[in-house]
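Undergrad: Chain order of the listed sequences is S and C.
Offset between the first sequence (1-based) and my numbering: plus 4.
Offset between the second sequence (1-based) and my numbering: plus 42.
What the hints contain is simulated information worked out from the structure, not anything from laboratory work.
The model shown is predicted, which means the values in this text are computed figures rather than measured ones.
Backbone N, C-alpha and C fix where the C-beta goes; we use that ideal spot for every residue, glycine too.
A couple of the hints might just be wrong.
[As the list claims (entries may be wrong)] A few chain C residues facing chain S, derived, Cβ under 8 Å:
(1) Leu-46
(2) Ala-94
(3) Gly-100
[Claimed, not checked] Using C-beta positions, here's what the derived DEER-type ranges look like:
(4) S:Ala-104 x C:Gly-163: 29 to 37 Å
(5) C:Ala-117 x S:Ala-132: 19 to 27 Å
(6) C:Leu-179 x S:Ala-143: 40 to 48 Å
(7) C:Ala-214 x S:Pro-147: 49 to 57 Å
(8) C:Ala-151 x S:Gly-170: 21 to 29 Å
(9) S:Ser-23 x C:Ala-154: 45 to 53 Å
(10) C:Thr-152 x S:Ala-132: 30 to 38 Å
(11) S:Gly-170 x C:Ala-233: 19 to 27 Å
(12) S:His-166 x C:Ala-219: 25 to 33 Å
(13) C:Ala-191 x S:Leu-57: 29 to 37 Å
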Amino acid sequence: MAAQPSAPRPPAPGPRYRSEALEAFDDGFRAAGIDFAVFLPDSLLDGIEQALLARGEIPCYQCSREDEGIAMAMGAFLVGKRPVALMEGSGIGLSALILARGIVQRTPTLIVAGHSSTLGERYDYHGATRLVAEPVLRALDIPCHVLADVGQIRTAVVQAQHTVEGQRIPVALLVPPFVIREA
Amino acid sequence: MNRLEVLEALAALRRGVPLVIGPGLANYPIAALADDPLTIYNMDMPYVTPTALGIALGWPARRVVAVEGDGSLLAGPGVLATIARYQVRNLIVLVFDNGAYLTTGSGRATTATSHGTDVEGLGRAAGLVQACTVADLPAARAALQRAFAEPGPWLIVAKVDTSDRDRAPRDAPLPVAVYEAGLRFRRAALAQPALFPAAPAAP
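The shape of chain C in the complex, shown without the other chains (with noise of 0.2 Å):
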C-alpha cells in the first residue's frame, strides 16, 4: 500500500471537510483530487496535528482532518495528550508511517518507527481509544469510513511503502502559495453563516 493510495480514498470522503497536510509528497494528490479552499497545504512540521486541533476545537460542528507524517508527528507528539485530554470528537489524525524521511534529500533517514516506535502505541497510551493501524487498502479505505461516520478522536496510522517517492510532481504548484492559503481558508470558513450563525464578518 502507497501513500497514494490511501489519499485516493482520502479524497473520496473528503467533501469539503477542512483538512491540514504537513510537508512532502501528500500535498500533491490531495491537491490534485480534492483541493478545497479548506485546506493548509505543506504546514511545518510538528504543527500540523495541532493546527489541525485548533481548527477542530473552534468549529466543533465539523470534522477536521491532519495528514501527518511519522517523522512529523514524532516532533511534537504531545498533541496525542492534549487531544486524548479533551476527547475532540470531531478530530481524524491521519499519519504515514513510511518509517523514513521520505521527501528530505536522498529519503533514506529512517524515522523511529523503523526501530520499533509504535505510533498507535504511543496514541493508546496518550488517551486515544479510536486508533488503529492498517496494513493494506481495504484496511484503510474501512478505517477512514469509520473515521468519517462516527465520533473519535481518531487516529489511523497508515503503514505504507516508499513507492509513491519518484512518482509526485515535486516541482507542480499548488493551489495556493502559504502565504495565500491561510487567508483563503478563513474566507472560506467565515462564509459559512449556517455553521457561524455569530461570526464576525470577514475582512
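With the rest of the complex left out, here is chain S (with noise of 0.2 Å):
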C-alpha cells in the first residue's frame, strides 16, 4: 500500500506572554503619550508588537534592522512624535552610531529591549545578546533601567519617558524573559 502523504503540520505553538505584562505595557504607553512605534521582531517582545499593532493606535512600523528603526524614530521625534523603538537587545549592540547622533543632535527616543546581562539567560545563542546592550549604552552613557517585575512596567514606562523629554536623551528598558513570558 503507498505511503500517503503526512497531513501538514499546523504550526508549532508560540511562547506565550504573561497578560498582565501586555497590558502593562500598553497603558505605560498611553499614559507616556507615546504616538509612534517602530519595530524589529523580537521573541520576547512580539506580544507587545502584535498587541500594538493588533490595538491600531499607536501607529506602528517594522523596520529592516534595528539602527535603522531607531533612525526613524528619531526622525519622528524631530516633528513632534513620542516614539518608542522595540527590539531585541542585540540590536542596540547594532546601533551604537545612531544613539550616539541621537545624542549629539539632541533627538532622542525610548527604546523597548529584550534581554538583559544577568537575568534569566539560559540559552546560549543569546550569549552574544545578553553581552552587548549594556555596555554600548554605558559607553554612551544613555541611561538603562531592567525590568524585575510586571509590577513595575507601567511606571518605568512612564517615568522613562518624562527623561527622555525632560532631558532630551535616549533611555533604554531592558526586559527579561522572565518578565514578560509565562515560565
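Reassemble the complex: the two chains are provided individually, in unrelated frames, and hints are given to aid placement.
TA: Rendered as C-alpha cells:
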C-alpha cells in the first residue's frame, strides 16, 4: 500500500506572554503619550508588538534593521512625535552610532529591548545578545533600567519617557524573559 | 552632469521641504542655495534615508527629501524595503551615484556601483515603482519636478561625475552645527500649527 503524504502540521504554538505584562506596556505607552512605534520582531517582545498592531491606536512600523528603526524614531521625534523603538537587545549592539548621533543632535527615543546581561539567560545562542546591550548603553551614558517585576512596567515606561523628554536623551528599558513570558 | 548642478535644481524646487543630507560635499550647495530650519546636515551614513523616513511617516502631509550618496545608501539598503512596504507617498530619496567615496580621503576608493551594482535595480527589487536613473541635467530636472508633484515614494538615482570635488568649500561653516540642527528643526516643525493642530508646545 502506497504511503500516504502526511497532513500538513499546524504551526508550533509560539511563546505565551503574561497578559498582565502586555497590558502594563500598553497602559504605560498610552500614559506616556507614545504616538509612534517602530520595531524589529523579537521573541520576547512579539506579544507587545502584535498587541500594538492589533489595537491600532499607535502608528507602528516594522523596520529592516534595528539601527534603521532607531533612526526612524529619531526622525519622528523631529516632527513632534513621542516614539518608542522595540527590539532584541542585540539590536542595541548594531545601533551605537545612531544612538550617539541622537545624543549629539538631541533627538531621543524611548527604547524597549528584550534580554539583559544578568537575569534569566538560559540559552547559549543569546550569549552575544546578553553581552552587547548594556556595555553599548553604558559607553554612551544612556540610562537603562532592567525591569524585574510586572508591577514596575507601567511606572517605568512613564518615568523613562519623562527622562527622554526632560533630558533629551535616549533611555532604554530592558526586559528579561521572566517578566514578559509565562514560565 | 555633476552634483552641484542637480542640487541647484533641487534647491529651486525645495520651498521649505524638510530635508536630510548625508555626509560630504552635498551639504554646502544646499546650505548656500536653500538653507531652511527644516534641514539636517551631515547625517551619519547610513541613517540619512531612515531619518527622512521617520520624518515622512510622522508628517504625512509634507513632502520630505533624503539626499544620499551611493556609498551611504549601500551601507543600509534595507531601508528601501521598509519604504516600499509602507509605500510612503511623501518621501523622495535622491541618490548621487558617482561611483566613489568622493569625500573620503583621496576620493579614489570606488563604490560597488562602479562594479555593476544598480541602485535603481535595488530599489525596484525592494518594491519601489517610482524609481529612475538620470544621467543628464534635463532628465534630472524632469524627474525632480515629477517627484515634487506626484505621489511617491520616489527613488531618483543621479549619475554624476566627480568634477565638483575640488569646488566645494569644505572648510566653510554650515548654518548650524550638528548639535544645534535637531533643536532648530524640531522648533520649526512644531511652529507650524496648521500642519500640527494637536502638536505639543515646543519646550
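Undergrad: Kindly indicate which numbered hints from before are broken by the structure, ordering the numbers from low to high.
TA: 1, 7 and 8
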